[in-house]
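**Student:** Here are the chains, one letter per residue:
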Amino acid sequence: MKLKFTSHLANRKYGYFSYLAEIIALFAIYFSTAKLGLSLDAVSRFATLIWLPSGIAAAALLLFGYRLWPGIIIGAFLVNLLNGAPLFVAVGIGIGNTLEALVCTYLLKRNGFSYSLDHLRDVLLLLLLAIPLSAIIGATIGVSSLFLGKVIASSSYYLTWEAWWTGDMISILILTPFLLTWRKWPRDKASVKRSAEIGILTLLVLAVGLIVFLGLFHADERSYPITYLVFPPLIWASLRFGQRGATSAMFALTILAIVGTIQALASFLPGRLSMSLLLLQSFMGIIAVTSMILAAFMAERRELEQRKDEFISMVSHELKTPLTTIQGYTELLHGRFAQQGNQEALLYISKMAAQIGKLSKLIADLLDISKIQAGKLAFAKETVDIDLLVREVVEDLQHTTSQHQISIEGIAQREIAGDRERLGQVLINLITNAMKFSPRAERIAVHLSHTHDTLTVSVQDFGIGIPKAHQQMVFERFYRVYSDQDKTYPGLGIGLYIAHQIIERHRGKMWVESVEGQGSTFSFSLPLAGEA
Amino acid sequence: MKKILVVDDDVGVLEMVQIALEGEGYRVQTSLNGACFQHMHSDLPDLILLDILLSGEDGRELCRQLKNDEKTRHIPVILFSAHFSGRNTTPLSGADAFLPKPFHLVELRDLVKRHLYAKEPTRGHGSSSDNLPINI
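These protein sequence lines are chains A and B, in that order.
With my numbering, the residue at position 159 of the first sequence is 159, and numbering never jumps.
Remember, my numbering sits 1000 above the position in the second sequence when you count from 1.
Misleading hints may appear alongside valid ones.
Heads up, simulated DSBU-like pairs for lysine-lysine below, C-alpha to C-alpha not over 35 Å straight-line [unchecked claim]: (1) B:K1003 - B:K1067; (2) A:K376 - B:K1067; (3) A:K358 - A:K381; (4) B:K1113 - A:K381; (5) A:K150 - A:K184; (6) A:K381 - A:K436; (7) A:K193 - A:K381; (8) A:K193 - A:K35; (9) B:K1002 - A:K371; (10) A:K361 - A:K509; (11) B:K1067 - A:K371; (12) A:K468 - A:K376; (13) A:K376 - A:K193; (14) A:K376 - A:K351; (15) A:K436 - A:K509; (16) A:K381 - A:K361; (17) A:K358 - A:K436; (18) A:K376 - B:K1003; (19) A:K358 - B:K1071; (20) B:K1067 - A:K381; (21) A:K109 - A:K35; (22) A:K35 - A:K189; (23) B:K1003 - A:K361; (24) A:K381 - A:K371; (25) A:K351 - B:K1113; (26) A:K361 - A:K371; (27) B:K1113 - A:K361; (28) A:K184 - A:K361; (29) A:K189 - A:K468.
Which stretches of chain A does chain B cover? Using the computed rule of at least three CB atoms under 8 Å from a CB of chain B, they are [to be verified]: (30) 298-305; (31) 313-322.
Calculated directly from the structure, the hints in this document are not laboratory data.
All figures in this text were calculated on a predicted structure; none of them were measured in a lab.
Ideal Cβ positions, reconstructed from N, Cα and C, are used throughout, including at glycine.
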């Protein structure tokens, strides 16, 4: 990989002035944040624990390219010169700081680093390679320049180097990921529920930061070991809001922690400010690493789930094409044999057609699952005569069983606003489920009842029943029932899940009552038309 | 004899649809891709059955082009696909109908018949998709 600095400028879309403006902007940010850092009890006057410029410089080069390096070198040179460094020392520090950002950027780009930090590999690349190595370069060149320029004595070399290295590392660790994950504003608008969750989490982060680091409620009891309070909001942010949540919470807590430490309010106070900041920064570094790794794990898991659902969707679609051909030829053959009056062949063909129907239903169910997961299951809104729908479904399913007698008890005489086809699917799933799990029973009853605003449909079987501990799990995706004798029942465990989801989307409820060995009753209630 | 053009990149589906429609007395021409539309100047089909996901081509876009062409806009186009739903595809592409895969032959025959013989009063407007079953 070749580093490109300024040679490509001429043929770039941006002109010379916009390039200059970018460099000046980076210089200004670098210079002002550096000035702030150096004012905070810097070790040997030059090595500060609060060194925001390192994180800003690395993020700037990653996002806008190596070409912005002059902004870093000018900023670092000037701020150190004005801080009292001799000319050649300031030049040395400027070179060291610029190399630090360049090396960090190079190591990350060379290894295919993703700015969203959604993979553990990216986080480890940053934590174990780019940050320590680049900070070593920055600290070593900077502190050696001070030593060679006789600004510091050899006895304070290590202490200065330690503070420099820690300050730079923490800056790149906390600030760079924060800036990278916020390089783009989120495209999707957050739902009300999610916005509320973001609000509560933000308040919690601020509250914890104020209590732990700014001494709120315990200003006089500084020895309280309450720093562990930062973990719950950080874990929450990492689990629920990914890397963007983790880095934001971390950034907010770090700011509060620094302010608290500077004002001598926090619990890291064994001695002078630089020592306190060193301990604080080490603590912040460790929790930043923890939350970033956790967020990366969660992001990988989410990606895997998404890929699985996309795979199910893709396979289901691909299966439909050969199924179309098989179904077509089966129907063509049915027509031919019907013309010939070949009853035996017609019997075989009807059995084939029944199996094709099952396969078709299975593929449709799998597609529904992937649509539910993607939040893309669409519903029509129409007026549904539930008595008629139940009658139609029961009549259709009665043809498929010679063992069970399916009866309808009660009458609704009410209409529902919803998707007729999907509600039919719920009834089919519940009744076929009842048939499957009552292999020795002869009866299935569908009960219809209503109150002034709700309609309830129950499907009762007299089969194997469900143990109490499993009753809530039957509506989970891919949950399957095993009987006492370890006998398995066919199916993928998706019928009840789909039915439950459809009813929930109709603002209804679904539940089960069951006694093991005696049978189960699956019920759902829906608001009547005009009540929803 | 009415002529139907069937376009699908799956040979199995093409052959099966051809047999089914020829059995109904139609003249059926098949094509694995949209190249057939480039040479379609004379002997226009009376109806086109068009798959959406063709290899490297989008049936919806081909349908839009057909409906934007003065010469072909009167030809009813029935889109069929295993990947899309009628609600999203028919209005946007200007298609007259949508048939989700897998389908029963009786559905195919009914749809073809309906659009072949009922198109004259609504020629060029593609208005019959409103009554179609929608796969959601």
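**Student:** Each hint needs a verdict: does it hold in this structure or not?
**Tutor:** Here's how the hints hold up against the structure:
| no. | hint | verdict |
| --- | --- | --- |
| 1 | B:K1003 - B:K1067 | holds, 18 Å |
| 2 | A:K376 - B:K1067 | holds, 29 Å |
| 3 | A:K358 - A:K381 | holds, 27 Å |
| 4 | B:K1113 - A:K381 | holds, 29 Å |
| 5 | A:K150 - A:K184 | violated, 45 Å |
| 6 | A:K381 - A:K436 | holds, 31 Å |
| 7 | A:K193 - A:K381 | holds, 24 Å |
| 8 | A:K193 - A:K35 | violated, 42 Å |
| 9 | B:K1002 - A:K371 | violated, 39 Å |
| 10 | A:K361 - A:K509 | holds, 24 Å |
| 11 | B:K1067 - A:K371 | holds, 31 Å |
| 12 | A:K468 - A:K376 | holds, 33 Å |
| 13 | A:K376 - A:K193 | holds, 19 Å |
| 14 | A:K376 - A:K351 | holds, 34 Å |
| 15 | A:K436 - A:K509 | holds, 23 Å |
| 16 | A:K381 - A:K361 | holds, 23 Å |
| 17 | A:K358 - A:K436 | holds, 14 Å |
| 18 | A:K376 - B:K1003 | violated, 38 Å |
| 19 | A:K358 - B:K1071 | violated, 44 Å |
| 20 | B:K1067 - A:K381 | holds, 31 Å |
| 21 | A:K109 - A:K35 | holds, 29 Å |
| 22 | A:K35 - A:K189 | violated, 38 Å |
| 23 | B:K1003 - A:K361 | holds, 34 Å |
| 24 | A:K381 - A:K371 | holds, 18 Å |
| 25 | A:K351 - B:K1113 | holds, 29 Å |
| 26 | A:K361 - A:K371 | holds, 15 Å |
| 27 | B:K1113 - A:K361 | holds, 27 Å |
| 28 | A:K184 - A:K361 | violated, 42 Å |
| 29 | A:K189 - A:K468 | violated, 41 Å |
| 30 | 298-305 | violated (count 0) |
| 31 | 313-322 | holds (count 5) |
Violated hints for the displayed structure, listed by number in ascending order: 5, 8, 9, 18, 19, 22, 28, 29, 30.
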